[in-house]
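K.L.:
Letter by letter, the chains look like this.
Number of protein chains: 2
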Amino acid sequence: MDTTKVALVGLGTVGTGVAHLLLDEADRLARHAGRRLSLAWVVVQDRDKPRDIHLPRSLLTDDLSQVTDDPEITAVVQLVGGLEPARTIMIRLLESGKDVVTANKALLAEHGPELFDHARQLGRSISFDAAVGGGIPIVTNISQCLSANQIESLHGILNGTCNFVISRMDGAGASYRDALAEAQRRGYAEADPTMDVDGSDAAQKLAILAHLAFGARVHWQDIPREGIDQLQTADLQFARELGYRIKLLAVAQLVAEELELHVAPQLVRHDSPLAEVRDAYNAVRVVGDAVGRVWFHGLGAGRMPTASAVVADLVDTVVGRAAITFRTLELWSQRPARVMPRDNAHVSSRYYLRFDVVDHPGVLAEITGILGRHKISIASVIQHETGESAEEIVSLVVMTHTTTDGAIRQAVGEINVLEAVQAPTRVLRVLD
Amino acid sequence: MDTTKVALVGLGTVGTGVAHLLLDEADRLARHAGRRLSLAWVVVQDRDKPRDIHLPRSLLTDDLSQVTDDPEITAVVQLVGGLEPARTIMIRLLESGKDVVTANKALLAEHGPELFDHARQLGRSISFDAAVGGGIPIVTNISQCLSANQIESLHGILNGTCNFVISRMDGAGASYRDALAEAQRRGYAEADPTMDVDGSDAAQKLAILAHLAFGARVHWQDIPREGIDQLQTADLQFARELGYRIKLLAVAQLVAEELELHVAPQLVRHDSPLAEVRDAYNAVRVVGDAVGRVWFHGLGAGRMPTASAVVADLVDTVVGRAAITFRTLELWSQRPARVMPRDNAHVSSRYYLRFDVVDHPGVLAEITGILGRHKISIASVIQHETGESAEEIVSLVVMTHTTTDGAIRQAVGEINVLEAVQAPTRVLRVLD
Numbered sequence: 537m538d539t540t541k542v543a544l545v546g547l548g549t550v551g552t553g554v555a556h557l558l559l560d561e562a563d564r565l566a567r568h569a570g571r572r573l574s575l576a577w578v579v580v581q582d583r584d585k586p587r588d589i590h591l592p593r594s595l596l597t598d599d600l601s602q603v604t605d606d607p608e609i610t611a612v613v614q615l616v617g618g619l620e621p622a623r624t625i626m627i628r629l630l631e632s633g634k635d636v637v638t639a640n641k642a643l644l645a646e647h648g649p650e651l652f653d654h655a656r657q658l659g660r661s662i663s664f665d666a667a668v669g670g671g672i673p674i675v676t677n678i679s680q681c682l683s684a685n686q687i688e689s690l691h692g693i694l695n696g697t698c699n700f701v702i703s704r705m706d707g708a709g710a711s712y713r714d715a716l717a718e719a720q721r722r723g724y725a726e727a728d729p730t731m732d733v734d735g736s737d738a739a740q741k742l743a744i745l746a747h748l749a750f751g752a753r754v755h756w757q758d759i760p761r762e763g764i765d766q767l768q769t770a771d772l773q774f775a776r777e778l779g780y781r782i783k784l785l786a787v788a789q790l791v792a793e794e795l796e797l798h799v800a801p802q803l804v805r806h807d808s809p810l811a812e813v814r815d816a817y818n819a820v821r822v823v824g825d826a827v828g829r830v831w832f833h834g835l836g837a838g839r840m841p842t843a844s845a846v847v848a849d850l851v852d853t854v855v856g857r858a859a860i861t862f863r864t865l866e867l868w869s870q871r872p873a874r875v876m877p878r879d880n881a882h883v884s885s886r887y888y889l890r891f892d893v894v895d896h897p898g899v900l901a902e903i904t905g906i907l908g909r910h911k912i913s914i915a916s917v918i919q920h921e922t923g924e925s926a927e928e929i930v931s932l933v934v935m936t937h938t939t940t941d942g943a944i945r946q947a948v949g950e951i952n953v954l955e956a957v958q959a960p961t962r963v964l965r966v967l968d
Numbered sequence: 537m538d539t540t541k542v543a544l545v546g547l548g549t550v551g552t553g554v555a556h557l558l559l560d561e562a563d564r565l566a567r568h569a570g571r572r573l574s575l576a577w578v579v580v581q582d583r584d585k586p587r588d589i590h591l592p593r594s595l596l597t598d599d600l601s602q603v604t605d606d607p608e609i610t611a612v613v614q615l616v617g618g619l620e621p622a623r624t625i626m627i628r629l630l631e632s633g634k635d636v637v638t639a640n641k642a643l644l645a646e647h648g649p650e651l652f653d654h655a656r657q658l659g660r661s662i663s664f665d666a667a668v669g670g671g672i673p674i675v676t677n678i679s680q681c682l683s684a685n686q687i688e689s690l691h692g693i694l695n696g697t698c699n700f701v702i703s704r705m706d707g708a709g710a711s712y713r714d715a716l717a718e719a720q721r722r723g724y725a726e727a728d729p730t731m732d733v734d735g736s737d738a739a740q741k742l743a744i745l746a747h748l749a750f751g752a753r754v755h756w757q758d759i760p761r762e763g764i765d766q767l768q769t770a771d772l773q774f775a776r777e778l779g780y781r782i783k784l785l786a787v788a789q790l791v792a793e794e795l796e797l798h799v800a801p802q803l804v805r806h807d808s809p810l811a812e813v814r815d816a817y818n819a820v821r822v823v824g825d826a827v828g829r830v831w832f833h834g835l836g837a838g839r840m841p842t843a844s845a846v847v848a849d850l851v852d853t854v855v856g857r858a859a860i861t862f863r864t865l866e867l868w869s870q871r872p873a874r875v876m877p878r879d880n881a882h883v884s885s886r887y888y889l890r891f892d893v894v895d896h897p898g899v900l901a902e903i904t905g906i907l908g909r910h911k912i913s914i915a916s917v918i919q920h921e922t923g924e925s926a927e928e929i930v931s932l933v934v935m936t937h938t939t940t941d942g943a944i945r946q947a948v949g950e951i952n953v954l955e956a957v958q959a960p961t962r963v964l965r966v967l968d
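Which chain is which? The protein sequence lines are B and D, in order.
Okay, so the first sequence: first residue is 537 according to my numbering, each after it adds one.
Okay, so the second sequence: first residue is 537 according to my numbering, each after it adds one.
You can trust all of the hints, since none of them are fake.
Ranges between beta-carbon positions, derived for each pair:
#: 1; chain 1: D; residue 1: D584; chain 2: B; residue 2: T539; range: 53 to 61 Å
#: 2; chain 1: B; residue 1: I918; chain 2: D; residue 2: K911; range: 48 to 56 Å
#: 3; chain 1: B; residue 1: E718; chain 2: D; residue 2: G548; range: 48 to 56 Å
#: 4; chain 1: B; residue 1: V917; chain 2: D; residue 2: Q773; range: 28 to 36 Å
#: 5; chain 1: B; residue 1: D714; chain 2: D; residue 2: T730; range: 52 to 60 Å
#: 6; chain 1: B; residue 1: V791; chain 2: D; residue 2: E726; range: 33 to 41 Å
#: 7; chain 1: B; residue 1: P586; chain 2: D; residue 2: S869; range: 41 to 49 Å
No wet-lab data here; the hints were simulated from the structure.
Ideal Cβ positions, reconstructed from N, Cα and C, are used throughout, including at glycine.
Could you put the whole structure together from the sequences, leaning on the hints where they help?
P.N.:
Structural data, given as structure tokens:
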């Protein structure tokens, strides 16, 4: 059986999982790859740092040129996070003739066009299934398994931290702060979880999927996004009462040949497969014109699930499938974008609106009057019974029929300045 | 852009979908394949049969040698069902140098070893993602995307007809006969649905997946199987009361390095992703030692979902990925089987037992006494209140803690001959 020399750059959480599979499950990988993968080097910053994996010390180096100078190493797993030195390392690896596997979504969302062009010019490949959805092979499924389809929409739960926090708020009735603190204790959330909870992480992943599925060239910062940091337990409870759950969804959908993109908490029907996605799990619903609806659901982060995706990409690379896929897809090439982003004001949806109002006569009439003038029709209303004491602040929840984002924004703008309205109206979309 | 000539043999439901994609979505396929796919011939038995697709008459032929004699045709989609002439057609195609894509699970379950060996000797490939799970790319996911894993278990809802029938019995309270008649009216079930409802179809698909995931060499007829034809609405209702749903599951799981295989209706927790699989949808839960639990869910049959899988395989074939995968996996090769089937008597599970008994004093004590002697411990019991009139027949439902199939069979054998017991005990496993 042939042997292929591979290397690993970065030995953090995921890198440790990858090293474990390469060293301890070598026979299994050989069976699945039809060749042995021999780990030649693990490049780290500090060889002496204590680690929770036992590695022969001779494998560790802090010198990337041990890898770049060895022409027998043809495939490298690059797991250094962030933008720099990750970008420079990628370029050095590609220029020294290596095919690269990475899980660094931030790097691809930021520098994808440059890196992919560079790889193409050099005849190399970049594989990145682990960059989106952790253990869920969503990149391969979109770019290979669903190749017969025009993909019409993607709805993804792509951030495990947010899903965990929402699950805790929903199931255990925890506050946002307590749920986030628990996510940090369990190691799901970073010490600084800003990029997770404000929707940036999901937007980076969505930008990558939107490019794969629609050929869209959009920078993640241009995707309208809202995180879970404003989410209140009350909204989760009202959603439940209406037969829904709230999930942070990353959405890309074709509407009249334009692409609507956004990240936001959204209501999903309680009996839909996305509603059943719990804790740190991720899921993606893809609608293709041939296949119909198809769902992928699994662990979106963590050492071994992400290592599973990285090593599958490495196997694809050493057997030669990755090179074919990379060449065929022409990702982030100079080809013009196939679809253009859509102005979200024209996007249609049903909406959940929560108004916090002083409970005095006529408030409901004022609010529904404004909605009516914007041609927003109402599907259902919840206002729970209150005491007789007047001037109490109550929540009034309205589910609308289908309307446009533009109409909702205008109506809510007018409603928010009413005297009876005590807080900005909470607006969430509803996934049908 | 290069062009690859392809051909299609068989123009039934799925073949019509494949022809539609090849002819009407040629630009899309060219974009995803990096080359144009040119449909050269459609081989049919009767050129004059009316069809629900408009095809240039010049494409139709009833002569397979138009395909086998044309060396420019390198990839052929073979959609003739059944065993013969499908097997002979496959062999003629392979021997004339064609790579083949097929959706014929019965053919692979029966003649897989012979056909795969033959293809290997000839340096050709066979792709068959459409043979299992329709539009769900489960074959590619197991054999490629999860290649870093030792798969530990597979639980599949693999027969859309059965899932539809169960959904109707469960949701609408329809009888088995009425639900099956509706499935036939809607075109989900065959005129003779025997192979669907008795679990044979699911067993054929399970045999294929078990070979892919575990290297098991098992003939589908050796897989213990039970269909839905004995399922009663009462069991669906009791399951619901206990917080479960009933699904026809095809199961392959490693237990102490042996492989347990069976097809049977089984209880799944109401809030698990498998419980949410409705109507004609299919789903597969895979547990891998690295990835953890991952679910795939989509339409398991139908013209366009199945055509989606066939055409993805065809794209993989013409770009060269299929050849690599086929060579690497060595499916049904002469290599010894990696795991051996397990004697189901040693398989552990929780069980649902329904006893139909005459309601007289001491019956519960007799039954629980027998269970206790076989060391089967009871998790919960349901017996609904009955009238005062003695000697009524009532259902007594017992959920057990984990025990073995062998212990259950012995205990139930003793219970079934009790005087108070009026019908064979219903035994269903419970998926944890």
